[in-house]
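Student: Following the hints, put chain B in place on chain A, whose structure we already have.
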Amino acid sequence: MSDPAREEPAVLPEHVREELDRWIPQFPEGRQRSAIIAGLRAAQHENDGFLTPQLMDAVADYLDLPPIQVYEVATFYSMFETRPVGRHSVSVCTNVACMLRGAEKIVAHIEQRLGIKTGQSTSDGRIFLKQEEECLAACCGAPMMMVDHKYFENLTLQDVDEILDGLE
Amino acid sequence: MSDDTLTIEIDGKPCSARPGQMIIEVTDAEDVYVPRFCYHRKLSIAANCRMCLVEVENVPKPLPACATPVADGMKVRTRSALAVAAQKATMEFLLINHPLDCPICDQGGECELQDLAMGYGQDVSRYNEGKRVVRDKNLGPLVSTDMTRCIHCTRCVRFGQEIAGIQELGTVGRGETTEIGTFIERSIDHELSGNIIDLCPVGALNSKPFRYRARSWEMAQIETIAAHDCVGSNLYAHVRRGRLMRVVPRPNDEVNETWISDRDRFSYEGIYSDDRLLRPMVRDGDEWHETDWSTALETAARGLQQAIAQAGPQGLGVLTSPSATLEEHFLAAQIARGLGTDNIDHRLMRTDFSDEKRDPVSPGLGMSLDDFASCDAVLMVGSDLRKEAPILAHRLRQVATGGGRVGFVDSEHRNLLFPVMAQAIHPSARLAEGLEKLLEATRESHTAAGADDVHSSLAEMLKTGSRTAIVLGLRAASHPEFGRLRTLAGRLAAATGSTLGYVTHGANSAGAAMVGALPHRRAGGDAVAGKGSNALQMLTHPLAAYLLHGFEPEWDTAAGDTALATLANAGFVTVLTPYLTDAMRSYGHVLLPAGTFAETGGTFVNVEGRWQSFTGVASPVGESRPAWKILRVLAGLLGLEGLEYDDIAGLRAAIETVTGHPATEDAPDWQDSPAGLDPEDTVVPLTTLYGCDAIVRRAAALQATGEAGRAPCREVSA
Numbered sequence: 008m009s010d011p012a013r014e015e016p017a018v019l020p021e022h023v024r025e026e027l028d029r030w031i032p033q034f035p036e037g038r039q040r041s042a043i044i045a046g047l048r049a050a051q052h053e054n055d056g057f058l059t060p061q062l063m064d065a066v067a068d069y070l071d072l073p074p075i076q077v078y079e080v081a082t083f084y085s086m087f088e089t090r091p092v093g094r095h096s097v098s099v100c101t102n103v104a105c106m107l108r109g110a111e112k113i114v115a116h117i118e119q120r121l122g123i124k125t126g127q128s129t130s131d132g133r134i135f136l137k138q139e140e141e142c143l144a145a146c147c148g149a150p151m152m153m154v155d156h157k158y159f160e161n162l163t164l165q166d167v168d169e170i171l172d173g174l175e
Numbered sequence: 012m013s014d015d016t017l018t019i020e021i022d023g024k025p026c027s028a029r030p031g032q033m034i035i036e037v038t039d040a041e042d043v044y045v046p047r048f049c050y051h052r053k054l055s056i057a058a059n060c061r062m063c064l065v066e067v068e069n070v071p072k073p074l075p076a077c078a079t080p081v082a083d084g085m086k087v088r089t090r091s092a093l094a095v096a097a098q099k100a101t102m103e104f105l106l107i108n109h110p111l112d113c114p115i116c117d118q119g120g121e122c123e124l125q126d127l128a129m130g131y132g133q134d135v136s137r138y139n140e141g142k143r144v145v146r147d148k149n150l151g152p153l154v155s156t157d158m159t160r161c162i163h164c165t166r167c168v169r170f171g172q173e174i175a176g177i178q179e180l181g182t183v184g185r186g187e188t189t190e191i192g193t194f195i196e197r198s199i200d201h202e203l204s205g206n207i208i209d210l211c212p213v214g215a216l217n218s219k220p221f222r223y224r225a226r227s228w229e230m231a232q233i234e235t236i237a238a239h240d241c242v243g244s245n246l247y248a249h250v251r252r253g254r255l256m257r258v259v260p261r262p263n264d265e266v267n268e269t270w271i272s273d274r275d276r277f278s279y280e281g282i283y284s285d286d287r288l289l290r291p292m293v294r295d296g297d298e299w300h301e302t303d304w305s306t307a308l309e310t311a312a313r314g315l316q317q318a319i320a321q322a323g324p325q326g327l328g329v330l331t332s333p334s335a336t337l338e339e340h341f342l343a344a345q346i347a348r349g350l351g352t353d354n355i356d357h358r359l360m361r362t363d364f365s366d367e368k369r370d371p372v373s374p375g376l377g378m379s380l381d382d383f384a385s386c387d388a389v390l391m392v393g394s395d396l397r398k399e400a401p402i403l404a405h406r407l408r409q410v411a412t413g414g415g416r417v418g419f420v421d422s423e424h425r426n427l428l429f430p431v432m433a434q435a436i437h438p439s440a441r442l443a444e445g446l447e448k449l450l451e452a453t454r455e456s457h458t459a460a461g462a463d464d465v466h467s468s469l470a471e472m473l474k475t476g477s478r479t480a481i482v483l484g485l486r487a488a489s490h491p492e493f494g495r496l497r498t499l500a501g502r503l504a505a506a507t508g509s510t511l512g513y514v515t516h517g518a519n520s521a522g523a524a525m526v527g528a529l530p531h532r533r534a535g536g537d538a539v540a541g542k543g544s545n546a547l548q549m550l551t552h553p554l555a556a557y558l559l560h561g562f563e564p565e566w567d568t569a570a571g572d573t574a575l576a577t578l579a580n581a582g583f584v585t586v587l588t589p590y591l592t593d594a595m596r597s598y599g600h601v602l603l604p605a606g607t608f609a610e611t612g613g614t615f616v617n618v619e620g621r622w623q624s625f626t627g628v629a630s631p632v633g634e635s636r637p638a639w640k641i642l643r644v645l646a647g648l649l650g651l652e653g654l655e656y657d658d659i660a661g662l663r664a665a666i667e668t669v670t671g672h673p674a675t676e677d678a679p680d681w682q683d684s685p686a687g688l689d690p691e692d693t694v695v696p697l698t699t700l701y702g703c704d705a706i707v708r709r710a711a712a713l714q715a716t717g718e719a720g721r722a723p724c725r726e727v728s729a
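Taken in sequence, the protein lines are chains A and B.
If you count the first sequence from 1, you need to add 7 to reach our numbering.
If you count the second sequence from 1, you need to add 11 to reach our numbering.
Hints are computed from structural coordinates only; laboratory data are not their basis.
Incorrect hints may appear among the rest.
Stated by the list, open to error - Under 7 Å between C-beta atoms, here's a sample of chain A residues computed to sit facing chain B:
| id | residue |
| --- | --- |
| 1 | Pro60 |
| 2 | Asp71 |
| 3 | Pro73 |
| 4 | Tyr78 |
| 5 | Thr82 |
| 6 | Met86 |
| 7 | Phe87 |
Note that beta-carbon positions come from the ideal geometry of N, C-alpha and C, so glycine has one too.
The shape of chain A in the complex, shown without the other chains (with noise of 0.2 Å):
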């Protein structure tokens, strides 16, 4: 699927390469498509938390699929980030329990610490402050944020800034 419009795709990392190689083989074949979220899930991971056209180029050389077939998939999924954001993801939930426990004064809280708002990165590139989630499901630990796929519950505003601090 060579095209030459469009920048050279990147080198996908080694271990993309071999998360690829373990899914492909578990659908028919020919339908290597349904090994996309597998590939763009490494791939982000290993390029800090978010995707360039590059990498989902390469992505779909390795599956022998058109671009176009993995931009839908990587804007379909919110957990996929196609534009360059922060290493680390933070997600407040401000859903009824946790809003009824306070959740809206740790979104403020961060962002007036951090001086962003929700939906942009910190301009060290360290957080990037995602979005309002709408229940994770942990009403129990309410409040509670997702800090790179970990939960953090009954937060207290001391405990958001320990959680913020020890980010790299």
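Tutor: Leaving out everything else, chain B in the frame of chain A:
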């Protein structure tokens, strides 16, 4: 009731259907209209617009007619309260985000959404919130976008996947932020991409060159035939006050289905190029003067007669474009022979004439396009088919996607966007060796150890298929060893029981050959006793006088720039041409403005031998006249009798009489091997997608695409 039909009831009327059909296929066949946006009979079923919901008895909820298979005894109601309520609700839903900009939308008046909103929409919207706005995409010079109007039917996306073979558009994002686009800005360059304009049921994808030029109800729709390749796609010309405003496909399942190439769709711009020759012109020394028709024609006739008087009839050469009509070729050949010469040819791109005796009387595929598309195996020899004839390439794609196998013997890899079994690649100069190896491989009973995989698998492909074809492309036809290639291909066809076919050059090579626009054959195919000069000889060795019709020698002939020098040394050159170029000023003596295919009636014979007649659709530009009329009058002035046809129907009838009983052809025995030219130092003209003829080279939008190339490039083969 046999096993393969079942009966369903539609709106109380019993109808027969085949198992596996969807409800909408049956309702369409029965002329019961079910509204739809995403369903298209040539594309896969998406069932995402929900406009075709109908009621089926004993099913509690309405079902999409496009995705519900029929079952025996099924009772379908397309106009029941439940069905209509569902259709109206879908329409209301689709109109939530669709802008009310019909007055400034090019689709207005021919819009499926507009039509269905009339039938199923409400006069007042209940929706008060803000509408969605989507940024427009730049898809290149052919397709304009207004993506806010998109209703996400995904026809354009499926077209790319299923018909074009390369998905360029996709659905990006999700939910309310879903957009159709390319994600990364890029133009869509596939040679059939313009078809998404017709597929789009709303005004999201429209023709960029046609944007804001006319409204659909101002134009008359006239049937015509495409003039740029050997398929002869059926077209509708949309004409406003005598001017051709745009071209759209005319569905014909036997020829172009519902598609046309971008070349056929957008070439009309070239008709109104600034360099049209508007009045006849005559040269006086180095001065050019515009003049009236009678003066120009008399000057032309006098000049030709004088040249013949001095140099004899063999001093005249007549050359016609392979895209000229059957009628024009016939008259040009009659003029040449009437004046006593066999120097008449249309094979402008050919370099090797060594085995011209073996040219079929009517070259072509030797089978219908439908039969071609259902071949078990096709071997293409020397063909850049996507550029030579895009719709034929689509038919070849149907072979590959329909379970058949496709192979190539060529000088470079071709990206055909479908699975190819094997490509035997040989340098252009040694292309014949590829066929020799292949022929050898067919003789081996089993694949010998160490045998070349590519050639033996190609041989096996041809031997095992029950309907197989070997097709010589335009690259092969202009190859310096065409005779040798053809002989080898003929032996291969004989050895494997395949049909030998040709991609024919231009719109009407098959017709030109039939009516005797050849130095070695008369109309009907009878061989000529004497020996006339072929196109390459005429264009490399100056004659006293020339009559040229419909081409630019520097681009459209194998001789290229040499042709210009040759013509400049001729005593008298009369040119029938739609365009005025500096080159014509330098070699011509009389220039006669001839109309393009849009301004003249005529007949094209396509690659399957199908005669397709058309009428002139547009008013002539300037004082240009149909070329057949110019040739007829010129014949009269030259004192030739029997060519006084008053209308094109009479002329065509005369041609049918002559060609009705073509000379019987013995199948060539392929015994002797012709000697062609030296392939190491012969320049081979290359086919370019948008450099194929004078009209296309002047179509601005096509020339702005990535595939452009006003000049056909040339390579010295080696």
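Student: Please write out, lowest number first, the hints stated earlier that are contradicted by the structure.
Tutor: 2, 6, 7
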